Each structure stands twice: as structure tokens, then as C-alpha cells.
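Protein sequence lines, in the order shown, are assigned to chains A, B, C, D and E.
Take 1 as the starting number for the first sequence in the numbering used here and just add one per residue.
Take 1001 as the starting number for the second sequence in the numbering used here and just add one per residue.
Take 2001 as the starting number for the third sequence in the numbering used here and just add one per residue.
Take 3001 as the starting number for the fourth sequence in the numbering used here and just add one per residue.
Take 4001 as the starting number for the fifth sequence in the numbering used here and just add one per residue.
If you're looking for bench data, these hints aren't it; they were derived computationally from the structure.
A hint or two may mislead.
Distance condition first, Cα-Cα at most 30 Å in a straight line; then the derived DSS-like pairs of lysine-lysine [what the hints assert, rightly or not]:
no., chain 1, residue 1, chain 2, residue 2
1, E, K4044, E, K4121
2, E, K4179, E, K4121
3, A, K327, A, K215
4, A, K17, A, K208
5, A, K90, B, K1056
6, D, K3148, B, K1137
7, A, K215, B, K1110
8, A, K208, B, K1110
9, A, K94, B, K1056
10, A, K90, A, K62
11, E, K4311, E, K4121
12, E, K4179, E, K4311
13, E, K4125, E, K4044
14, A, K62, A, K94
15, B, K1056, C, K2087
16, E, K4311, E, K4444
17, E, K4125, E, K4179
18, D, K3189, C, K2087
19, B, K1056, A, K327
Examples of chain C residues lying across from chain D (beta carbon under 10 Å, computed) [unchecked claim]:
no., residue
20, I2012
21, V2021
22, T2023
23, V2030
24, M2066
25, E2073
Since the structure is predicted, the reported quantities are computational estimates derived from the model, not experimental observations.
Using N, Cα and C, we set each Cβ at its ideal position, and we do this for glycine too.
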Amino acid sequence: MWEFFYAPDQWAYGIYKAVETWGQSVGIPVSLIQLLLLIPVAVILLAFIFLNVMFLTWMERKVAGHIQVRYGPMRTGWHGLMQPVADAVKLLFKEPIALPGVDRFIYFLSPMFMFTMAMMVFIVIPFSPGWVVASLDYGLLFIFAVSGMSSFFVLAGGWCSNNKWSLLGAMRTVAQVIGYEVPLILSALGVALLAGSLNLTDIVASQKGMWNIVKQPLGFILFLMASLAEANRGPFDLEEAEQELVGGYLTEYSGMPFAMFYLGEYTHLLASGAIITTLFLGGWQGPLLPPIIWFLIKCYAVIFIFMWIRWTYPRIRVDHLLQFNWKFVLPLALVNLGITSLVLVL
Amino acid sequence: MFTAGAMLATLLAVDLGDCLKGVNFLFEFGKIAFFTLVGVLLVGLIYFLNWFLSPKTVPTQLRNTAYECGDPPVGSGWARYHLSYYPFALLFVVFDVEAIFLFAWVAAFKPLGLFGLIEVMIFILMLVAGLVYAWRKGVLKWV
Amino acid sequence: MALVNYLVIGAIVFSIGAFGVLTRRNVVFVFMCLELMFTGVGITLVAFSRYFAPDLAVGYIFVIFMLTVAAAETALGLGIFLAVQRKHGTISTDEFSNLKG
Amino acid sequence: MNWWLLTPEIIITVTALLVLVLDFMLPESNRREGLGTVGVLGLVVALLASFRLLGVEDNLFNGVFVVDRLAVAFKIIFISGALLVYLLIISSLERLPGRRGEFFWLVLTALLGMMVTAASRELVTIYVGIELISLSFYALVGYRRDDKNATEAALKYFILGSFAIGLWLYGAALVYGLTGQTDLIEIAKMVDSGSSPLLLIGLFLLIVGFGFKMGLAPFHMWVPDAYQEAPTPVTAFLAVGSKAAAFAVFVRVMLTGFHSLAATWAPWIGFAAAVTMTWGNAAALRQTNIKRMLAYSGVAHAGYALVGVASASAVGSQAVTFYLFAYLFATLGAFAVVVAFSNLTGSDLISDYAGLHWRNPFLALGLTLCLLSLAGIPPLAGFFGKFYLFWGAIQQGGWLLVLVIIAAINSAISLYYYVNVIRVMYFIQPSVEQPVTSPLLVNITLVVALAGIALAAFYFQPVLAGIELAGL
Amino acid sequence: MRYSGIYELELGEGNNIMPWLSALLWLPLLGTLLICFMPRQQEKLIKGTALVVALIDLFLSLVLYFSYDNRLAGFQFVEKATWMSSPAISYHLGVDGISLPMVILTTFIFVCAILASWNIKHRTKEYFLLVTILETAVLGVFVSLDLFLFFLFWELELIPMYFLIGIWGSERREYAAMKFIIYTMAGSAFMLAGFLAMYFLAPSPTFDLVDLSRAGFAPQVQALLFILLFLGFGVKLPVFPFHTWLPDAHVEAPAPISMILAGVLLKMGGYGLIRINAGLLPEGLKAFIPLLATLAVINVIYGAYVAMGQKDLKTMIAMSSVSHMGFVLLPIAALTPVALNGAVLEMFAHGTVSGLLFFLIGLLYERAHTRQIPELEGGLVAQIPRMGVAFIMASMASLGLPGMSQFIAEFMVFLGSYPVLQVPTIIAVFGIVLTAGYMLWMVKRIFYGPLNPRWSHLTDMGQVYEYIPLVVLMGLTIVVGVYPALITDWSHPSLMALLR
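All chains, full assembly: derive it from the sequences and hints.
Next comes the structure, spelled out in C-alpha cells:
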């Protein structure tokens, strides 16, 4: 058990070796074993995501409640802890209605991929030493690639609904997401410069003595803001500004497709927390406690900040949002990158 | 079963031989393909459950109406969106694509040194000039 | 997986794109087919770069440049397309016959 | 690294950025003069810098960027062309709608693309250069974006241009894959040691891609539309710059990279040349719009210039360059007149040129000389250009003799439509007596162009000496 | 200065330091420049300038003629300067006994043509501008010893000619001008190809005629070059299938320009054939002798036959030119010295005679405003006796009356050709008969018989500028007719050298 917490890489390698030895004794080729081992990895990863996301939905409601001086869900379980389960069961039994004017194929497809893409981020995140599903050399690039994909599915979902509000919400979302993607990438590049690598494992390792938040304070703030916008969190939650747009791109969605979008969004939130943790907060590093615990603590701290901001600040107007990005955040990100590289060279 | 697995393995990765020792580029991407598949299958499964468990109602005229704040819908659902989105998309393309080169530069930052820095700075300067141009030309104004 | 498989995939994607550009009447589809052509080229380049010249990353660099420029190109093309669409009120290339001879 | 080898490019880049910035710094009232002056100054300095590079044989970035006689000669062609185009733009800008600053800027980026293209010896750089030209021109052609035909022409140009680039890229990918190189010199080494059918396919696709850019038949469909609908100064630049750049790089790719396959590709090129010149001339015969006529004649001229490539020799490459020089001055001169005329009358119809001699004898004479030069009448530059092309081709002998005869017959046919314009200007009394005024800048352009045409005979020798292709 | 001429002979005494040929060549262009800067209204001044320039040129050419040493065959008054080194092109001028008669013919005809244009009212300035350019171009063709230079002048001649026909011509002028220019251009395109081929096939690549004459091309090569060049020169001469531009151009051009066309421009073709095709490519020529002879005979007979059927005076004379040019082609096929001498003489004679005829037709047209023989029919000699006599004399000269230059020329052609080409020569002789037929018939219809009352208002010649061309051209015809040695003695040595 100690090994599991404090030396997870050795633990995992031990299991791998054991299975491989067993497989060779039975006569299964090594490559097939490696492939088969991916299945438990996937199960664990998915379980991790599902648990956390369920917890997050509950947490959001609790945080919102307490900020607004009320309790939030209280009846299901201890302090309403079972509320997400109840929601899930309820959604499972609801009829998935697709209206006649809807492009059915895309209608069902976009939430599916929305979730999948959000999930993909986790396969390059090092949760603990050695605990990374795929240690890509261009991990950072991969993260931006898949998280950028989500805007496609938002747009597709809004477009296929055949509803003016949906389309408008989707358009806004896309304008916002792609706009903030640029400073997001630029401020992350500062971190990559410090680490000299785009591999997330290396980035975590490079923060051994000092977290990047210290070296890159401006980058951290910019990244945080851009992440908020990327995840469509308040004050940048224009896509579903229910006062203006009914439900944004989700207007026509119901039942499981709706739940999948919902799930996707919270997965995205979790991913944002994980990315910030990895890039700026030293990843799993920390004293005494096991790495995975450290990772979760930092991640939840970030997510709590997200929620705090969402329920504290009013929503920004769409033009302000875009101008804020192009005229303020982006130049600052460029400046940050320039300073970082200059300091590194000199 | 083994044959199928081996085929799948071949499809996903070229050579799984010693992937734990060094990172096998294609195998890592094979994992990505695998997880995409997993995600899609999982959601598909949930869809199936939902379809299996949910009640089926008979569609009526009212139920088939798009939701527009309770009013009967007017005009096409595919409304024309505002052209103002377009310049932003263009700007995004410019800067996002710029990032490709920056990634490459970051990956080779140390060997390139000052020379690379100057080149990238010139590159960024030109992009900034473009941004300033767009700004001053009023592209960033939301009309 | 052998190089030739990638090449065949690249060629197929490229051909679909080229065929689409020549036969499609909807400008948006034409643009998409152009992108397919570029993608086919990209696959070919990357495959070659991986198999034939693993030391030289020229193929990858080529692809990056290609993607970049293709992005700019598409952006510009969409701009032109929007202008055309506003003036002509159609997106079918069949309708564009003001200029002939 | 000899950074000063890059001086013309750097100057142009800086000028472009300066124009871009000045566009919103200057007040609306003297923006046109301001941008024009800055641009012209930058171009003049770049031209001087290019002259300084004459005779230099060097390269930068491991041969990606070369400075040799061919490259510098083409740079001089491009910069002087851009300079004249700038004068035309300044004098016809009132007639153009929209944000005028972009106009100045896009011309400079196109110019930069041309310079990079002519100086690159490596496929990636060539690609970037070509695209820089193309993108600038897509925007420039569709510049009158409230005009139905202009946008349509731009869209056609865009789709065909992108398609061509797609084909070109696939060809480049095959060539890269089969030789493992993108540097033309390295490619040449690999090609020398043997070729394969797939390599020939790649080469063919490269040729087709270039063919689109050069406006060779049957890939010239975009040419007349784009020429007709673009603002006239842009048409002039498109006709000389874009085409010349494509030729510059084409010559380099074919002669530096694939010289050992010349026996294979030269007949293709020869065939394309014959088809192009015949098609271009046949189509030009029917035109009533002078811009369209010049467009098709440009197609035909691409065919003639291709004869030089088909000869696959150093002389051939020199001939192409010299021919493009002659073509540049004649075409720019002709377009200067077209600009002056359409600024006043708003018409591009040849029939409206009736009696131009009475309305402005200078413009009529200038256009006449330019057209005669295009037709290849001695002692004007066009004749020397053609002569040298044929000279280079006949030197190679064999089937090129047939090609030369086809070209010669074609140039006789082409005389018909050139002379037709002259006929209209001199033989037919004008229906309107109102004189056509030509702005000073147009006159300057025309005088420079005429000087270029007329003095070619005397500077034939030095110019030729300046444009040898390195490494042949 | 000793110069080894084209036929390896030594220079005559006429050679000296003065660049006579350059002066002769560029003087008209100087006139062009002068006229350029003259105000449009000063028509007298413009005409005067053109005339003075042409007269000085005439004087210069006569100086050349008399100081030419006709005992020698080589080129004289040679000037040579390098123009370009690659391709090797030089500014190389010189005259010999073949080109000198042509030069003299040119200067004479131009003086006459300028006088004949004295009545030009429409756009006088441009007219004389173009005529002076034309003179330089034509002279350039005859004095160039570098093929490139030759070609340059050959092409330069097209543009002024195009405008002269196109602006000052009659109803179908534009069509005629266009046809003229396209035909000639097409022909010269082949010619250029031929020159270029010659350049490269020579042992040491050169455009120099003198060097090329020593090149010794292989017979097959010569045959190929011959075809290319023949297409170029044949169009100009004109040879039968390519002659269709000629009636149009002659008919539509104004009278002075028709004079120049018939008088000089056609000779450029003949000169080229003799100088280059016969001189440089004799082996190639031998392969084509039957073809050439056939074409020559067709030219003679067909030209005369078509002329016979014409109603328009100008078309008739134009077709008679086609017919007479057959007599230039026949000696080239025969390749004997006497015949070629006849050809040179025929060119000179036809130049003067046809120039005269077109001049007279111009005068007649100015007065009667028609050229249709049926309309003019009837006893004009009574109304306009001086013009009538001149016309009849010119016609007699044209049909080869003994004592006139063309008789001697045609006689020499037959004499020289018969031993080699019996049958063609005999058929060609019938051409003379046909010519006599239509000329006499034309003269009879127009000038004899009772006076047609319609023409009772016609006035006779009166002005000095109308007499001078008449006297000069008629004088040349008779003087050369009586004493042909004036031309033949000059051309004979050069032709002998050419045929060696």
C-alpha cells in the first residue's frame, strides 16, 4: 500500500512485470499484453473522472449555495452528497427528444465527442510519478489540440439544434473559446520554456525546487483567466447566458445527450484544474502526503477558485469579453513570453 | 481472439516491443486512438441504456415545436449570425497558427539560443503589427 | 505498418479532395475538399519523413509550413467567399458565370 | 552569415510594416501621398540594394536562400515592376473604394513573396514564397469587394490557385519522399543517380502546379477573369510580377533540380509551350476588352517564355529572364495607358480607344510601341527577347526547331490583335473629341517603360551577362 | 584598310575613311527626327525636309555608285563594329554590285515618291515621318552584311508600311494593311528561324554574311535552310502561293506608297533570294531547281493571266508585278551569270517602270477619281496628251519594248536561263506575249478612240513636282535600256563571284 501511494511508478511497473511474466508463461505475445493492460488503465481513468465529476457537480451547488448564503442540496445523503447519483439516475430515465428539424446524427454525436475530448486531456496528465497513460513528447500541444476540439462540438451541437438561440449561443462560445485559446497557449509556452520541454512529465520535474507560479506569476494569472474562458465558466459563461439566450447551445438538448454535454463541461473543468496544477503548481509534488493526494488537493483548490469566481462576479458582455482578450490578455501573454525567453537567454 | 488482438495491436502501433524503456512515438498515439474509442463506446453504451430505460412518447405537433421562449417559432432556425464573428476567427487563425512555430521554437529553445530568440521576436513583432493594424482599423470593435 | 499504406492513404485522401474540388458545386464543399488535398499531402510528407529520412525533420517542417499557410489561405478564401455570397446570394459555382470567354 | 545578402528583402519587409503602421498614423487627407512616398522610397532603396548584389554568388541558411545572378536579376525585375505599379496605384487610387492603405501594403507583400521565390532553392521556401504571392494577389484581385464580378473573379482565382498549389504540394511531397531532400542541389544529386516513375509523377505535378501560376494553357482559366476584374495597376503587377516569379522559380527547379531529367521533361514543356502560345493567341484574337486581350496575350507570352525553359540550357534560362524583362516593360507601359484611359473614361473596351491618337498622341504612341514590342517587332525589346529565346532553342536543335517555328508563326498571328488596337487608335476617328489627360505619374511610368523597351537593344549584352543562372 | 570581301577579293579604290554607308542609312532617320519636332501646320517645311533628305540620300548613293570600283567583286565601303558578343552580332555594312543598283533604285524611287506625295493633305506630318523611316529600313536591308541587322531592318520596314497603307489608303485599306503585315510577319518568322539555324550550324557561330559564305554547309542542311529562307523572301517577292497580299496592298495603298511597294519593297525579296539563298546555299538550291522553275513559270503566266482579267488599273499593274517577279525567280533557278545579271537588271528596271506606272495611275486617279478601266474607256490621249504619252511609254517599257530597260533585262533572263531550263524558259517567254496583250489592250481602251464626254474636264499634267518623277524614272528606263552596262557592269563581277 505504501508503494501504491509513494512510489506508484514502481508499483505499476511491478504489476506490469508480473503480468508480462505470466503472459509469457502462458504464451501471449508481449505487445498484446501491453494492449490488454490498457483496458484496466482505461477503467481506472474513467472511474476517476466520473467520480470526480459527480463530486464536482455537488461541490458547485454547495459552493454556490454557501456563497449565496443558503445550503444547497441537503436531502439526498449527508449534505446532499448523493444528489449527483440521483440526477444521473433521473437523466438515465428521461426520454431523449430530438425534434424533427434536428440533424439527428450530429445531435447525438456532438455531446459524445464533447465528453470524449475532455476526457482525452487526462491521458497525458501525470497524476503521480510514472502515472501517466501516454507520456507524449508534445503533451502540451496535445492538450491544446484536444481541448480546442471541444469548440467544434459546441458549434455542431448549436447548429444541429435548428434553433436560433442555440446557434447564437454556439457562435458566441466559439468566438470566445478560440479567442482565449491564444493567450492560453502563449502563457503555457512560458512554462514550457522554463522546462525546456513540452512533455508534461518533464514540466512537473522541472518544478522540483520552485513552482512555476512563483517564476511565472503573470503567466499563471493569464492562464487562469484564459482557462476560465476556455471552460466557459463565469464570468465568461456567455454560451448559456440563460437570461439572454434561454439555454445557449443546450436549449434543445434533453435527456442523455444533455447529460453528456454537462458531463463534458465538468470534465473540462476538472481537466483545467489538472492542467493548471501540472503547469504552475508543481503537479503531484509536495511533502509528506502521497503524490496523488497532493495532486487532488491542488486540483480542487484551483477548481474552488473557479467556482468562487463564477458565483462572485457578474457576467461580462460579449464585446467586452472579446476586446478584453485581444487588447489586454493577448498582448500581456506575448510580453510574458518575451520576458521569459529573454531572461532565459541572458 | 489472439489474432484479433494482434491485428488490433498492429493497427494501433507499429512495434510495442520495449515501449516502457523508451517512449514509442506511434504507440503513444495508439493509446490516444484507443482512448478515443473507449470514450465513444462508453457514451454509446450510456445512450443505449438511456434509450432502453426511457419512456417513449408519441410525438405531437406541440412536442415537436422548437423552444423559443414559449412563442411559436418564426423563420428558419438557422439564423444568419453576425459577420462580426468573422474577423475574430481570422485573428484566431493567425495567432493560433503562429503558436505552431512557437511550439517548435520552444522545443528547440536551448540549441537555437539568442539567434532563435531574435528571429522569433521579429516573427512576433510582425504579428503584433498585424494585431495593432486590425485594432486600429476597428476590426476588434463589436459592431 | 508499411510506408506504402500511409502513402496510399495520403493518395486516396488527396484524390478525394482533388476530385471534390473539380466536381463539387458548393463553394464551402470546395474549400473543404481543398483542405482534404492538403491533408493528403501532409500524410504523405509525414510518412516519408518518418520512414525515409528519419534524421532530417524537413518533412515535418514542410507539413507545419503547409498547415500554416493553408490556414491563412482558407481564411482568405472564406473572406472572398463571404464577399461573393453577399453579392451573388448563392454559394453554387454554377451560378458564377458573369465572366466568360 | 552574410546578413547583407538579405538587404533587399529586409528593406521591403520594413517598408511593408512601415506602410502598415503609417496607414493608421497618417491623417486621411495626405495618407495616399504619404504611403505612396514611403513605398516608393523603400522600393528605390531596395532596388539600389539589389544592384549592389549583382554579381554576387552566395547563399544563406545552408542554401535555402541563394543570391546568384538569376535571383538578383529577377529581384530587379520585380522591384522595378513594383515601383512602376506603385506610380500607377498612386495615380489611380481615387477610383478605388475601401481601405486604401491595404493596397500599398499588399503589393509589397506580394513583392516580398516574389523576391523570396526567385531566391529560394529549396521546396519549402519556394512554397512559402509562392503562397505569399498568391495570397496577396487573391486579396488584391478581390479588392473591389462590392463588385459582383470582381469577387467572382477573385473566387475563381482563389479556387484554381489553391487547387494548383495542392497539386504542386503533392508533387513536392513525392519528390521529397523519393529523394529525401528538399534542397534542389541535393535533389539534383539524387536524381542524377537514378529516377523512378513516381518521381516523374511528382515532377509532372510540380510542373502542373507551376503551370497554373504561370498561366499556361490549359490551366489559364483564371487569367482573363482575374486580369479583367482586378484594379488595373494590380493587373499590371499580376501580369508581370506573379508570372515572372513563377518563371524564375520554375527555371530554377527545372534546371537546377531536374536538369538530368531534361530529356524527359523538356518535351512536355515544349508541348505545353506550343499549346499555351497557340491557345493564348487564338483567344486573344477574339477579345474586345483590352485588359482581357492583354491577359490572353500574357498567356501566349508565357508560352513563348516556356520555349526558353524547354531548351533546358543556361542560354535558355537567360533568354527567359531577358524575355520577361522585355515583357515587363512592355506590359507595364501598356497598362499605364490603360490606367490613364480608364481613369478618365471608365472603359476598357478596345473600341473605345478609337482615335486615341487625336485625344492624346503620347499615350497612343506609347501604347503602340508597347504593343509592337509585345509583338516582337524590331528594334524593340520584345524582339530581342524573342530572338534570344529562339536562339537558345535552336542552339539545342532537334524538335526545338519545330517549336521555334510554331512560336514564330504564333508571333506573326499575335501581330493581328496587337495591330488591331493600333489600328483603332490611329485609323478611326474618335467619337468624343475630349482629350484624354494622363497624370504625371502615368507619364513617368510610360516613359520609363518605353525607355526600357527602346534601350534593350543597346543594353542587351550587359543585361544578359547579368542573368546567368549559377551552377549550370 | 584592306578588307577581304565576301568572295575573297580585294577592295576597290572607292573605299575610304568616311562612313558613307552609315551616312546614307541614317540620314533619312535624322530627317524623321527633324520632322518630329516640326509643328504640324508647317506642311511645306515638312515636305521640304523630307525631300531634301531624300535628295541628299540620292546624291550620296550616286557618289557611292561612281566611286565604286566595278572591277572588283567584293564588298566596298565596309563598316564593321561589334554590337554583341553572344550572340555574335556586329554592325556590318557594305555594298557590292548586287546591292548597289538596289540602293540607287531605292534613293531614286523615294525622291520620286516624296514628290508624288506633294498633294498629301491628310496628316502630312505623320506621313512624311513614316516615309523617312521606311527609307532607312529599306536601305538598311540592302546594305546590311549581318543577318541580324538585315532582319532588324527587314522587320522595321513593316510598321511604317502598315500605317502608310492603313491610314492613307483607299476603302479597304485596313484589311489590306493587316494582310500585308501578317503575311510578311509570318514569312519573316521562318526567315528568322532560318537565320538562327544558320548561326548555329556555321562552323563558328556567326550572323556575318561574309563569314557565313565560307561556312560550307552540308547539302541537306542547306536544303532545310533554303526552305526556311525561301518562305521569308518568297512572301516578299512574291512567289505564287504567297502573292495574295500584293494586289490588296497595291490597290489600297496611296499611289506614292504603291510606287515604293512595287518599286523597292518587292526587290527586297529578290535581293534576299539572290544574296542569301543563291549565294550562301547553292547546294540547297540545286535540290529545289524544278520547284523554283515551276513557281517562276506559274508566277509569270498566272500573274499575266490574272492581270488580263482585271478592271482596276492598279490591280492589273500589281498582277503584272507578280508576273515580272517570275522573271527574277527564273534566273535564280537557272543560276547562270547571265540570267542572274538579267535578274538584277530586271529588278532595277521593274522598279523604275512599275514606279512610273503607279505614279501615273496616281495622277490619273487624282483627276478622274476612278481606276476602273471600263469607266475610263475612251480617247483620253486627246484630253490629256502629255499624261497619255507618258502612260503609253511606261506601258511599252513594261511590256518589254526594245530600247527600254526591261527588254534588256528579260532578254538576258531568257538568254541565261535557256541553256539550263529550256521548257520553263520557253513557257515564260509566252508571259511576255500575254503582258503585251493586256498592256496594249489597256492602253487601247483608255487612251485611243473617241473621247468619252465624261472626261472632258480632265486637266493635263502641269506642276513641276509632277514632271520630275516622270522625267527621272522615264530617263532611267531609257538610259539603262540603251546602255545596260550601267547596271550590269557593276553587278557582273559580284555575281560571278557569287556563283563561283
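Hints versus structure:
{"no.": "1", "hint": "E:K4044 to E:K4121", "in the structure": "11 Å, holds"}
{"no.": "2", "hint": "E:K4179 to E:K4121", "in the structure": "26 Å, holds"}
{"no.": "3", "hint": "A:K327 to A:K215", "in the structure": "24 Å, holds"}
{"no.": "4", "hint": "A:K17 to A:K208", "in the structure": "29 Å, holds"}
{"no.": "5", "hint": "A:K90 to B:K1056", "in the structure": "15 Å, holds"}
{"no.": "6", "hint": "D:K3148 to B:K1137", "in the structure": "24 Å, holds"}
{"no.": "7", "hint": "A:K215 to B:K1110", "in the structure": "18 Å, holds"}
{"no.": "8", "hint": "A:K208 to B:K1110", "in the structure": "20 Å, holds"}
{"no.": "9", "hint": "A:K94 to B:K1056", "in the structure": "9 Å, holds"}
{"no.": "10", "hint": "A:K90 to A:K62", "in the structure": "20 Å, holds"}
{"no.": "11", "hint": "E:K4311 to E:K4121", "in the structure": "28 Å, holds"}
{"no.": "12", "hint": "E:K4179 to E:K4311", "in the structure": "22 Å, holds"}
{"no.": "13", "hint": "E:K4125 to E:K4044", "in the structure": "10 Å, holds"}
{"no.": "14", "hint": "A:K62 to A:K94", "in the structure": "25 Å, holds"}
{"no.": "15", "hint": "B:K1056 to C:K2087", "in the structure": "47 Å, violated"}
{"no.": "16", "hint": "E:K4311 to E:K4444", "in the structure": "14 Å, holds"}
{"no.": "17", "hint": "E:K4125 to E:K4179", "in the structure": "25 Å, holds"}
{"no.": "18", "hint": "D:K3189 to C:K2087", "in the structure": "52 Å, violated"}
{"no.": "19", "hint": "B:K1056 to A:K327", "in the structure": "51 Å, violated"}
{"no.": "20", "hint": "I2012", "in the structure": "12 Å, violated"}
{"no.": "21", "hint": "V2021", "in the structure": "5 Å, holds"}
{"no.": "22", "hint": "T2023", "in the structure": "12 Å, violated"}
{"no.": "23", "hint": "V2030", "in the structure": "6 Å, holds"}
{"no.": "24", "hint": "M2066", "in the structure": "6 Å, holds"}
{"no.": "25", "hint": "E2073", "in the structure": "6 Å, holds"}
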